[in-house]
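S.K.: Use the sequences and the hints to build the structure in full.
Protein sequences, first through last, are from chains C and X. First residue of the first sequence: 1, per my numbering; consecutive thereafter. First residue of the second sequence: 1, per my numbering; consecutive thereafter.
Among the hints, a few may not be true.
Unchecked claim - Derived pair list, reagent style BS3-like, types lysine-lysine, alpha-carbon separation capped at 27 Å: (1) X:K92 with X:K105; (2) X:K92 with C:K106; (3) C:K8 with X:K105; (4) X:K92 with X:K198.
To be verified - Far from chain X by the CB rule (all over 12 Å, computed), these chain C residues: (5) K106; (6) V159; (7) R165; (8) D170; (9) L180; (10) R192.
What the hints assert, rightly or not - Between beta-carbon pairs, the in silico distance windows are: (11) C:R96 with X:S269: 31 to 39 Å; (12) C:I30 with X:F94: 29 to 37 Å; (13) C:L175 with X:L3: 26 to 34 Å; (14) X:A210 with C:R96: 23 to 31 Å; (15) X:F243 with C:L133: 19 to 27 Å; (16) X:G25 with C:I30: 41 to 49 Å; (17) C:D36 with X:F94: 40 to 48 Å; (18) C:L104 with X:F47: 46 to 54 Å; (19) C:R96 with X:S206: 21 to 29 Å; (20) C:D36 with X:G40: 50 to 58 Å; (21) C:E4 with X:G25: 39 to 47 Å; (22) X:L82 with C:G233: 26 to 34 Å; (23) X:F243 with C:I30: 45 to 53 Å; (24) X:T48 with C:P100: 14 to 22 Å.
It is worth saying that the hints were derived from the structure and are not from the lab. The beta carbon of each residue, even a glycine, is placed where N, CA and C say it ideally should be.
The primary structure of each chain is shown beneath.
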Amino acid sequence: MTREQLNKALLILLLVICTIWLVIPFGMAILWSLVDPSEPWTADRLLPPAMSFWRWRDMWENSSLQVAMATSYTLAPLAALLSLALATPTAYALGRIAFPGRELAKLLCLLPLVVPGFVTAIFFTSLLFQLGLHTWRFGAILFAHAVLALPYAIRIMTVSFEQVRQDHIDAARDLGATPLARFRVAFLPALRPGIFATLLIVFIQSIEEFAIAFILGSPDVVTIPTLLFSALGQDYVRPNAAVLSLILVVPNVILMLILERLLKSANPTLASGKG
Amino acid sequence: MTLRRWLTVILLLLPGLGLILGLIGTVVWIAIAQSFGLYGLNGEDQFTLQYWAEVTDRRVFARSIRYSFYVGTVSAILSVALAYPLAIWLRKPFTGSMTIGAILKAPMLVHGLVAAFLFINVIAYHGILNQAMQALGIWDEPRRLQNDSNAIGVLILQVWKNMPFALLLLTGAVQGISDDVLDAARDLGAGAWDRFRKVIAPLSISAMQAAMVIIFIGAMADFSFQVIAGPTNRQSMSQLMVFFKDRGDWHSAAVVGVTLMGLAMLGASALAFLARLVMKGRSR
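M.R.: Take a look at the structure:
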């Protein structure tokens, strides 16, 4: 068998696996979300006997979905902005200043990734109880989301700062640019893709985060993941869970695809305008 | 470096790295202190080994450790073992390889809870899997697959979610190996298996270790997959910790939390070390 034939065979095999891996699970979820309550979807039928958007409307009007979406989509952009603001000074130091211990500092920035999420969630909650701040749930979740996303934000922004070209900064200075103008012409073009990528990745992290929102937020603050969790647990109604799953997954897939584009375009040559 | 410059660096590091160290440091400290009876939320604040003695004495604690270790180890090894051949296959671009890479990485974009729902939907008692098996005549009647006692459901979910991550890391490492090296090995008479053992494996070991460690820690500390798809007669360590916390028993929760952190680090190092040992043994 030649290499091309082998690749073709493997390709077909993989398509079959992917159908099992992706198409069937998502297809089933979409079908279940469309089941009309007038006629139940029994096991002997291949497709739901009656399909409508009734479940979608019902979930939208009669569940905590609107509240949860409002919370999630307020929390995420705020966490993204806060995380970017907190990460930028550190990333500047890590990306542009050579100091002893820089590699160690970079390594320590990854700390939130190795401590299990539920340990952080539970003992951060405990800390808030100690400080008497446990009633301040939304702010606490926002703060925790921003800090826990810092490893990503710092990493991306550090790479961006490394890509700012010293000769651009020097040229701007020689031409008499003020610090602000220097930032605008030398730093900003190279940083822009990194800034967008950071905002997007923290946004996605915050939308998806479950442990903190669940431990700290319940029962007052409901986000989309915590709502889905309870829809999968004590009040499991399959079509409703299907609706929620799709609402959580679709926007994120679109955002992730944009993110991948952005990270690909985070190229120093393109970003700084010349090679 | 002058003092002034040091001050600048420290001030710049404070909002980012400073907050990380502050938050994670405090969280870990509170967990350790509470496991020894300090910082009690209902007033008591006295150093004691009582909670460690009580919790470690319980059967459910030992069971949860064994169970979490099992899920962590098997998930890490399976994910990496499946990702390796795929990464090598996708090393050189060919028609359709981009699409395949994208499809394989797609589960990374799917939230863990959504993945859990999709999975229990497929394996439900009257779900499509049971229907298909009956239609094919393999099973006579539907079987109860959800919450199976060997946690196969949890393992499938972990691999579904984590294999793409291992693939991402391994593809990067494998693509970094130059053709010259592999051609040289081929010219010297190395077959496909030898090329993997003696060239690809040693050159991609760091990526493999990183994938193993991160997947192991994540899977060992899993909560949501376990609650939704895991065996009902066993608890993962995170689940046990949340159970204690929900009863207001923060000290016992802290004992479980500290053990979880310690074992996650220990297990991850052991796994990374073993991976190196196995690969080194092979490359000789």
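S.K.: Now tell me if each hint is right for this structure.
M.R.: Do the hints match the structure? See the list:
1. X:K92 with X:K105: 17 Å, holds
2. X:K92 with C:K106: Judged against 27 Å, a Cα distance of about 32 Å means the pair is violated.
3. C:K8 with X:K105: 20 Å, holds
4. X:K92 with X:K198: Within the cut-off at roughly 19 Å; holds.
5. K106: 9 Å, violated
6. V159: Non-interface label stands for V159 of chain C: nearest chain X Cβ at 14 Å, farther than 12 Å.
7. R165: Nearest chain X Cβ is 20 Å from R165 of chain C, so the label holds.
8. D170: Given that every Cβ of chain X is farther than 12 Å from that of D170 of chain C, nearest at about 19 Å, it holds.
9. L180: 19 Å, holds
10. R192: 20 Å, holds
11. C:R96 with X:S269: 31 to 39 Å: Given a distance of about 33 Å, which is inside 31 to 39 Å, the answer is holds.
12. C:I30 with X:F94: 29 to 37 Å: 32 Å, holds
13. C:L175 with X:L3: 26 to 34 Å: 32 Å, holds
14. X:A210 with C:R96: 23 to 31 Å: 26 Å, holds
15. X:F243 with C:L133: 19 to 27 Å: 25 Å, holds
16. X:G25 with C:I30: 41 to 49 Å: Since G25 of chain X and I30 of chain C have Cβ atoms about 45 Å apart, the given range 41 to 49 Å holds.
17. C:D36 with X:F94: 40 to 48 Å: 45 Å, holds
18. C:L104 with X:F47: 46 to 54 Å: For F47 of chain X against L104 of chain C, whose Cβ atoms are near 32 Å apart, the range 46 to 54 Å is violated.
19. C:R96 with X:S206: 21 to 29 Å: Given range 21 to 29 Å: holds, Cβ gap about 27 Å.
20. C:D36 with X:G40: 50 to 58 Å: 54 Å, holds
21. C:E4 with X:G25: 39 to 47 Å: With Cβ atoms ~56 Å apart, the hint is violated.
22. X:L82 with C:G233: 26 to 34 Å: Holds - the Cβ-Cβ distance for L82 of chain X and G233 of chain C, about 30 Å, lies within 26 to 34 Å.
23. X:F243 with C:I30: 45 to 53 Å: With a Cβ separation near 35 Å, F243 of chain X and I30 of chain C fall outside 45 to 53 Å, so the hint is violated.
24. X:T48 with C:P100: 14 to 22 Å: Taking Cβ atoms as reference, T48 of chain X and P100 of chain C lie about 42 Å apart, which means the hint is violated.
Hints 2, 5, 18, 21, 23 and 24, counting from the list given before, are not met by this structure.
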